[in-house]
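A.B. asks: Listed below are the residues making up each chain.
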Amino acid sequence: MGSNMAENHPVGFQWVMEAKLAGAKIMHVDPRFTRTSAMATTYVPIRAGTDIAFLGGVVNYILEHERWLDEYVKHYTNAPVIIDERFRDTEDLDGFFSGFDPEKRIYDTSSWHYAGMPVQETAGERSKGGTKGEQSGHGAQSGHLSSGEPPEEDETLRHPRCVFQLVKKHFRRYTPEVVAQICGCTEEQFLEVAEALCANSGRERTSAIVYSVGWTQHTVGVQYIRTAAIIQLLLGNIGRPGGGIVALRGHASIQGSTDLATLYNILPGYLPMPHGEKDTDLAAYLENHAGTTGWWGHFDAYVISQLKAFWGEAATKENDFRFDYLPRIDSDHSAYQTAVDMLDGKMKGYFLFGENPAVGSANSRLHRLALAQLDWLVVRDFQEIESASFWKDAPEIETGELKTEKIGTEVFLLPAATHVEKDGCFTNTQRLLQWHSKALEPPEDCRSDLGFVYHLGRKIREKLAGSTDPRDRPVLDLTWAYATSGPYEEPSADQVLREINGVGADGIALGTYADLKNEGSTACGCWLYCGCYADEQNRPARKKPGREQTWVAPEWGWAWPLNRRILYNRASADPDGKPWSERKRFVWWDEAEQKWVGEDVPDFDEQKAPTYVPPEDAEAEHAIAGDHPFILQADGRGWLFAAAGLMDGPLPTHYEPHESPFDNPLYAQRANPTRQLFEHRENRYNEDGAYPYVVTTYRLTEHHTAGGMSRTLPYLAELQPEFFCEVSPELAAERDLEHGGWATIVTARTAIEARVLVTERMTPLEVQGRTVHQVGLPYHWGTKGLTTGDAANDVFSLALDPNVHIQEVKAATCDIRPGRRPRGRALRELVESYPGRLES
Amino acid sequence: MKAGDGQTTYGLQIQPRMGFFTDTSICIGCKACEVACKEWNLVPEDGLEWTGHSYDNTGALDANTWRHVAFVEQQVDDGLRWLMSSDVCKHCTHAGCLDVCPTGAITRTEFGTVVIQDDVCNGCGYCVTACPFGVISKREIGGDGGMHKCTLCYDRLEDGLEPACAKACPTKSIQFGPVDELLARAEGRVEELHEAGVGDARLYLADETDGVGGGGAFFLLLDRPEVYGLPPDPVDPTRHLGEAWGAALAAGAALVAGALVAFLGGRR
Numbered sequence: 002m003g004s005n006m007a008e009n010h011p012v013g014f015q016w017v018m019e020a021k022l023a024g025a026k027i028m029h030v031d032p033r034f035t036r037t038s039a040m041a042t043t044y045v046p047i048r049a050g051t052d053i054a055f056l057g058g059v060v061n062y063i064l065e066h067e068r069w070l071d072e073y074v075k076h077y078t079n080a081p082v083i084i085d086e087r088f089r090d091t092e093d094l095d096g097f098f099s100g101f102d103p104e105k106r107i108y109d110t111s112s113w114h115y116a117g118m119p120v121q122e123t124a125g126e127r128s129k130g131g132t133k134g135e136q137s138g139h140g141a142q143s144g145h146l147s148s149g150e151p152p153e154e155d156e157t158l159r160h161p162r163c164v165f166q167l168v169k170k171h172f173r174r175y176t177p178e179v180v181a182q183i184c185g186c187t188e189e190q191f192l193e194v195a196e197a198l199c200a201n202s203g204r205e206r207t208s209a210i211v212y213s214v215g216w217t218q219h220t221v222g223v224q225y226i227r228t229a230a231i232i233q234l235l236l237g238n239i240g241r242p243g244g245g246i247v248a249l250r251g252h253a254s255i256q257g258s259t260d261l262a263t264l265y266n267i268l269p270g271y272l273p274m275p276h277g278e279k280d281t282d283l284a285a286y287l288e289n290h291a292g293t294t295g296w297w298g299h300f301d302a303y304v305i306s307q308l309k310a311f312w313g314e315a316a317t318k319e320n321d322f323r324f325d326y327l328p329r330i331d332s333d334h335s336a337y338q339t340a341v342d343m344l345d346g347k348m349k350g351y352f353l354f355g356e357n358p359a360v361g362s363a364n365s366r367l368h369r370l371a372l373a374q375l376d377w378l379v380v381r382d383f384q385e386i387e388s389a390s391f392w393k394d395a396p397e398i399e400t401g402e403l404k405t406e407k408i409g410t411e412v413f414l415l416p417a418a419t420h421v422e423k424d425g426c427f428t429n430t431q432r433l434l435q436w437h438s439k440a441l442e443p444p445e446d447c448r449s450d451l452g453f454v455y456h457l458g459r460k461i462r463e464k465l466a467g468s469t470d471p472r473d474r475p476v477l478d479l480t481w482a483y484a485t486s487g488p489y490e491e492p493s494a495d496q497v498l499r500e501i502n503g504v505g506a507d508g509i510a511l512g513t514y515a516d517l518k519n520e521g522s523t524a525c526g527c528w529l530y531c532g533c534y535a536d537e538q539n540r541p542a543r544k545k546p547g548r549e550q551t552w553v554a555p556e557w558g559w560a561w562p563l564n565r566r567i568l569y570n571r572a573s574a575d576p577d578g579k580p581w582s583e584r585k586r587f588v589w590w591d592e593a594e595q596k597w598v599g600e601d602v603p604d605f606d607e608q609k610a611p612t613y614v615p616p617e618d619a620e621a622e623h624a625i626a627g628d629h630p631f632i633l634q635a636d637g638r639g640w641l642f643a644a645a646g647l648m649d650g651p652l653p654t655h656y657e658p659h660e661s662p663f664d665n666p667l668y669a670q671r672a673n674p675t676r677q678l679f680e681h682r683e684n685r686y687n688e689d690g691a692y693p694y695v696v697t698t699y700r701l702t703e704h705h706t707a708g709g710m711s712r713t714l715p716y717l718a719e720l721q722p723e724f725f726c727e728v729s730p731e732l733a734a735e736r737d738l739e740h741g742g743w744a745t746i747v748t749a750r751t752a753i754e755a756r757v758l759v760t761e762r763m764t765p766l767e768v769q770g771r772t773v774h775q776v777g778l779p780y781h782w783g784t785k786g787l788t789t790g791d792a793a794n795d796v797f798s799l800a801l802d803p804n805v806h807i808q809e810v811k812a813a814t815c816d817i818r819p820g821r822r823p824r825g826r827a828l829r830e831l832v833e834s835y836p837g838r839l840e841s
Numbered sequence: 030m031k032a033g034d035g036q037t038t039y040g041l042q043i044q045p046r047m048g049f050f051t052d053t054s055i056c057i058g059c060k061a062c063e064v065a066c067k068e069w070n071l072v073p074e075d076g077l078e079w080t081g082h083s084y085d086n087t088g089a090l091d092a093n094t095w096r097h098v099a100f101v102e103q104q105v106d107d108g109l110r111w112l113m114s115s116d117v118c119k120h121c122t123h124a125g126c127l128d129v130c131p132t133g134a135i136t137r138t139e140f141g142t143v144v145i146q147d148d149v150c151n152g153c154g155y156c157v158t159a160c161p162f163g164v165i166s167k168r169e170i171g172g173d174g175g176m177h178k179c180t181l182c183y184d185r186l187e188d189g190l191e192p193a194c195a196k197a198c199p200t201k202s203i204q205f206g207p208v209d210e211l212l213a214r215a216e217g218r219v220e221e222l223h224e225a226g227v228g229d230a231r232l233y234l235a236d237e238t239d240g241v242g243g244g245g246a247f248f249l250l251l252d253r254p255e256v257y258g259l260p261p262d263p264v265d266p267t268r269h270l271g272e273a274w275g276a277a278l279a280a281g282a283a284l285v286a287g288a289l290v291a292f293l294g295g296r297r
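Heads up: the protein sequence lines correspond to chains A and B, in order.
Take 2 as the starting number for the first sequence in our numbering and just add one per residue.
Take 30 as the starting number for the second sequence in our numbering and just add one per residue.
You may find that some hints are simply not true.
Unchecked claim - Derived DSS-like pairs (lysine-lysine); straight-line CA-CA distance at most 30 Å:
1. A:Lys349 - A:Lys393
2. B:Lys196 - A:Lys545
3. A:Lys439 - B:Lys167
4. B:Lys201 - A:Lys544
5. A:Lys439 - A:Lys544
6. B:Lys201 - A:Lys585
7. A:Lys407 - A:Lys393
8. A:Lys404 - A:Lys349
9. A:Lys105 - A:Lys170
10. B:Lys196 - A:Lys21
11. B:Lys201 - A:Lys21
12. A:Lys404 - A:Lys464
13. A:Lys464 - A:Lys349
14. A:Lys579 - A:Lys596
15. A:Lys439 - B:Lys201
16. A:Lys407 - A:Lys349
17. B:Lys201 - A:Lys26
18. A:Lys545 - B:Lys167
19. B:Lys196 - A:Lys544
20. A:Lys26 - B:Lys167
21. A:Lys518 - A:Lys596
Note that these hints are calculated values from the structure, not bench results.
Chain A extracted, bound-state conformation (with noise of 0.2 Å):
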């Protein structure tokens, strides 16, 4: 669900189609008919943006007819905590969790904690300084908890505040008819789904769920993967083979990027950004955001060697190992809010490094506006992509709103190295680091990202050198002596994989990040890839063919945290440690060896014994039971109920999208009340009515997104040589589209034009006694190439999920109409012809 996986991970699906040829069910739940769909054994479509009903129906299903995993959802859950007596529900308040602050729009979370708990800091709490989901976090924010174990529990599942039981409630309504009627699916179509689920998990069997941002990019996205983790969860698919929830990236190292924080909000190995008023110094920031149980119990160890390997010498004890170099967050930076504040002119200058926000982000004119609002900007990639020759070729240029003569950004544009051009390391969706060797030089003046920053960094540091200014010291201290070689004095990626490897006070690289110190003697560039230069070896670059060892292949590449293949994978063997059956034994407790053992390395503390109870006083992961395989957690359980981290809700709920033509049938509540949105005259919001279909985005097999990897190249050009959108007869008929003719599409943003092609692979559906109809929409054109296109992402709003930030293109509303856009001025005002309005 929520995955096009044949069509975007064509070379990962060849496992799907050899599941296949053995024999496994692939059921594809979709709002379009696409090449996965071809391929799987079961096709279900669904509106665009109602995954959440669909899911819950899944949970309400497992719930009400008694298949989940009794002994996993009572041992390695949260299904026995009781939560506090102050909760209420949304099917108590309609469509809210009790805490709700309608001025803000933000919840306090407090009540959602477990009963008898003290309240700790948490995301909501800080949000009441007026930001959103910047410091939505890891597990450990859950509070301190006395030996792990939460105050209050009922291992009969049947007090009505224990977890199990509000679960039970929340989803009760989400029955076959509702979910028909919310996703325009028939009850058939959603009780084989559901019924198969069941029927192939438990002890013997496994099933997997895969998806991509098609459930990412909604103002519900976060909660879409929290009812599949509830499914999972309580049908004992976590930590077990063929089983999990498997997030397919957008890019080869989306994973690597997130780990290593390309996002404003996290620093290396997912340790929150420090704030600026409440992380005043490094006690306050380990008192905020350190975890007492569970192995972000070590969270000091973890920031103070990261801070040793960013300023080596310079960090000390004395010092507060430097903690005040590091930069601090006050509210949101990310992208959009970035974007935003461009538009309004409180940005100077910005570095595009392989994005491309003029086609590929929403609202994409929105973002060419603005870049036209810099002084200056860096552009790093293959081509001359759109970001980088707006103030030429933008299509506002055409329409007269940006005049290249008055556009004072200066734009440097410099060419990138190529994957096969550079040393480096791609970290996939399985954690796993793969190593890739140069295999010719960059032609010309083409750099790797990472020469390119080391070299920046170098003539920084040259310039500022002898400077007394105490602000540019964090700078001047970094540790920035890297080997280089080569003609272009490539600096040695090896060594910067040693560098986040981390050493110990011998110099030598670590084995393991239990032997980070959190007295400055360990120097770890990121705590979860400690291991992956263990021995002095570089282990993502091994590659031991798979027949020459076990199936499990550990010693392909390298897989964080401490390679192992299967995270949580203790949960593979049942609570007294035996395999939950012979066919799918993983990792299990041997007796005579007292010792954890198997096929993978065990995600657990070797030596404790399944029996294990932790004493009173226990920390970290001493903290967590014998029986608690989720050891990240502060309670070493997985949590079917979210007592903290999520800023829109402890449960998932059916929220319609932000645009939608239809009302919420199960709570007055229309859409996710705190979801993100920008007040802003470049981004008016559709009016209802006047936008009366619903439009999804995606991508096609022979592009790459934003299309700067193939609309520049012949090969791939010629194979989807136009941008086009797909229609259902029905629709194409109702507005006189016709089949390979013109359409123009039409939102409160702006109005694009495409090629039409009429599919029966789309489908009308029957929604709440009405038919809808959906247009797609690829996202792969823009304005340069070898074939050029209108960009699709101009039609969507900044709606974004309120968590991370991710922007609502999965599903939107708008209209549709035979023949080209207008030309000119025209275009803007057909768009300001239709309703718009401004929301905050």
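Given the structure of chain A, go ahead and fit chain B onto it with the hints provided.
C.D. replies: Chain B alone, transformed into the frame defined by chain A:
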């Protein structure tokens, strides 16, 4: 393979006949085969034209397209079906193109494959009409003027590599190997599909008694060949040449005989 097996030509250098088995039941329509083929063989881009025929903007095999993925959207009993199938030169056992080539530019290699030699081809075009599948055409791009088609990556085969398309195929829909091994595998796969209830699964050009003597490239299809744009009963146009010449000779002889009879009779 019986006809044209190269024994006399290649002697001890003869190799097992190599070919493709394209299992369309696991083709995901990614077109990696098209791209890999063009990359390896330096086949030019030949037009940025959007067709509106499902996701097929390639159209057909020709001088500039040696792999072509067909996309067929159809309504069947249990709903919508989207067939995808990667087409290629069939490297026929009885290759009409080879038989009619007047310059000897088209040859059969030691692997039993059929290859046009670029430097010998004079662009006459006889092979175009002789191919029952419409695989060959003249390349007009860049003033080339020669006839082109799939070489089954002859250069790669000589180095012990598999063809670029098979190498790039992520799902093993395109399988490369000795033809007899591929045939056995293909028959097993059809049986599997029949057992799984896919009654319409069938092999195409896997029969040496068909009109081209079977293909060095053959296919597993899920519907009739014509649904994929393939001729249902392809025949090598030179197949009946012997009979045609025989008939012509017989007719000539009859004419002569008739004339003689008339002449002789007339003398009476």
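A.B. asks: All the hints need checking, so say for each whether the structure fits it.
C.D. replies: These are the hints, each one checked on the structure:
no., hint, in the structure
1, A:Lys349 - A:Lys393, "holds, 20 Å"
2, B:Lys196 - A:Lys545, "holds, 20 Å"
3, A:Lys439 - B:Lys167, "violated, 39 Å"
4, B:Lys201 - A:Lys544, "holds, 22 Å"
5, A:Lys439 - A:Lys544, "holds, 16 Å"
6, B:Lys201 - A:Lys585, "holds, 28 Å"
7, A:Lys407 - A:Lys393, "holds, 11 Å"
8, A:Lys404 - A:Lys349, "holds, 19 Å"
9, A:Lys105 - A:Lys170, "holds, 28 Å"
10, B:Lys196 - A:Lys21, "holds, 21 Å"
11, B:Lys201 - A:Lys21, "holds, 13 Å"
12, A:Lys404 - A:Lys464, "violated, 36 Å"
13, A:Lys464 - A:Lys349, "holds, 21 Å"
14, A:Lys579 - A:Lys596, "holds, 12 Å"
15, A:Lys439 - B:Lys201, "holds, 28 Å"
16, A:Lys407 - A:Lys349, "holds, 16 Å"
17, B:Lys201 - A:Lys26, "holds, 19 Å"
18, A:Lys545 - B:Lys167, "violated, 46 Å"
19, B:Lys196 - A:Lys544, "holds, 19 Å"
20, A:Lys26 - B:Lys167, "violated, 46 Å"
21, A:Lys518 - A:Lys596, "holds, 25 Å"
Hint violations for this structure: numbers 3, 12, 18, 20, all remaining hints satisfied.
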